[in-house]
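> Line by line, the protein sequences give chains A and B.
The letter at position 114 of the first sequence is residue 114 when you use this note's numbering, and the numbering goes up by one with no holes.
The letter at position 76 of the second sequence is residue 191 when you use this note's numbering, and the numbering goes up by one with no holes.
In short, the hints are calculated from the structure, not lab data.
No experiment lies behind these values; they were computed from the predicted model shown.
Quick reminder that beta carbons are idealized off the backbone N, C-alpha and C, glycines included.
Honestly, I wouldn't trust all of these hints.
What the hints assert, rightly or not - Using C-beta positions, here's what the derived DEER-type ranges look like:
{"hint": "1", "chain 1": "A", "residue 1": "SER71", "chain 2": "B", "residue 2": "ASN189", "range": "41 to 49 Å"}
{"hint": "2", "chain 1": "B", "residue 1": "ARG195", "chain 2": "A", "residue 2": "GLY43", "range": "23 to 31 Å"}
{"hint": "3", "chain 1": "A", "residue 1": "VAL46", "chain 2": "B", "residue 2": "THR226", "range": "40 to 48 Å"}
{"hint": "4", "chain 1": "A", "residue 1": "GLU59", "chain 2": "B", "residue 2": "ARG184", "range": "44 to 52 Å"}
{"hint": "5", "chain 1": "B", "residue 1": "ASN189", "chain 2": "A", "residue 2": "SER61", "range": "27 to 35 Å"}
{"hint": "6", "chain 1": "B", "residue 1": "HIS125", "chain 2": "A", "residue 2": "ARG50", "range": "23 to 31 Å"}
{"hint": "7", "chain 1": "B", "residue 1": "THR212", "chain 2": "A", "residue 2": "GLN2", "range": "14 to 22 Å"}
{"hint": "8", "chain 1": "A", "residue 1": "GLN2", "chain 2": "B", "residue 2": "ARG137", "range": "26 to 34 Å"}
{"hint": "9", "chain 1": "B", "residue 1": "ASP186", "chain 2": "A", "residue 2": "ASP22", "range": "39 to 47 Å"}
{"hint": "10", "chain 1": "A", "residue 1": "PRO40", "chain 2": "B", "residue 2": "GLN179", "range": "43 to 51 Å"}
{"hint": "11", "chain 1": "B", "residue 1": "ASN189", "chain 2": "A", "residue 2": "GLU59", "range": "29 to 37 Å"}
{"hint": "12", "chain 1": "B", "residue 1": "ARG195", "chain 2": "A", "residue 2": "GLU44", "range": "45 to 53 Å"}
{"hint": "13", "chain 1": "A", "residue 1": "SER71", "chain 2": "B", "residue 2": "VAL139", "range": "38 to 46 Å"}
{"hint": "14", "chain 1": "A", "residue 1": "ARG50", "chain 2": "B", "residue 2": "GLU174", "range": "37 to 45 Å"}
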Amino acid sequence: AQKVTQAQTEISVVEKEDVTLDCVYETRDTTYYLFWYKQPPSGELVFLIRRNSFDEQNEISGRYSWNFQKSTSSFNFTITASQVVDSAVYFCALINSNSGYALNFGKGTSLLVTP
Amino acid sequence: EPEVTQTPSHQVTQMGQEVILRCVPISNHLYFYWYRQILGQKVEFLVSFYNNEISEKSEIFDDQFSVERPDGSNFTLKIRSTKLEDSAMYFCASGGTGSGGYTFGSGTRLTVV
């Protein structure tokens, strides 16, 4: 069985604060893929990052960074110097090769960045 | 940048009616998916399609649902007899590989009244 848990339902920060969104996953597979998607108020799903289970290097893309730790089954997402445009729902998701490559999403974290 | 296109963006239908949601995936992609998101909830997998057949489906995807790739470019989701609980945003996605980062369409909001 596989499961993705995003324990933070809603987070509210003031612009320019850093914020970390938590994601904890469960899977029995050794080969799996983790993703983050952003869903802005307009409703579309925007791909942010894909990470495979063999690559534990952290990644930074502009103000975004991801911390993948297999030892704690976590794939956390940090936004540095948040902006109002970062307000959205963020979903963590998991694929393993036994699931027909179906994305298993967490429940999402709603981030509100206020001026 | 290539896009996945979904039409219509919003559809209102009466309970019991059949609806067809349409998607044009990215042209060189081989894997196609439908997901749904009930308002305020998480995104749920419905079905995956590869090599002209269903490769995986969830328990949500019962006999009321079907998918088709009628002409090599479109990918459709049909709901035969809609129920109130089918009201949701339906997302189509396509991918070049099974494990890659899919591209999602902008969704069709289905409202069953």
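> Now, for every hint given, state plainly whether the structure supports it.
For each hint, the structure was consulted:
1. A:SER71 with B:ASN189: 41 to 49 Å: holds, 45 Å
2. B:ARG195 with A:GLY43: 23 to 31 Å: holds, 26 Å
3. A:VAL46 with B:THR226: 40 to 48 Å: violated, 24 Å
4. A:GLU59 with B:ARG184: 44 to 52 Å: violated, 35 Å
5. B:ASN189 with A:SER61: 27 to 35 Å: holds, 34 Å
6. B:HIS125 with A:ARG50: 23 to 31 Å: Holds - the Cβ-Cβ distance for HIS125 of chain B and ARG50 of chain A, about 30 Å, lies within 23 to 31 Å.
7. B:THR212 with A:GLN2: 14 to 22 Å: Since THR212 of chain B and GLN2 of chain A have Cβ atoms about 19 Å apart, the given range 14 to 22 Å holds.
8. A:GLN2 with B:ARG137: 26 to 34 Å: holds, 30 Å
9. B:ASP186 with A:ASP22: 39 to 47 Å: holds, 44 Å
10. A:PRO40 with B:GLN179: 43 to 51 Å: Once the Cβ atoms are compared, 31 Å apart, the range 43 to 51 Å for GLN179 of chain B and PRO40 of chain A is violated.
11. B:ASN189 with A:GLU59: 29 to 37 Å: Given range 29 to 37 Å: holds, Cβ gap about 35 Å.
12. B:ARG195 with A:GLU44: 45 to 53 Å: Given about 27 Å between the Cβ atoms, the range is violated.
13. A:SER71 with B:VAL139: 38 to 46 Å: Since SER71 of chain A and VAL139 of chain B have Cβ atoms about 43 Å apart, the given range 38 to 46 Å holds.
14. A:ARG50 with B:GLU174: 37 to 45 Å: Violated - the Cβ-Cβ distance for ARG50 of chain A and GLU174 of chain B, about 26 Å, lies outside 37 to 45 Å.
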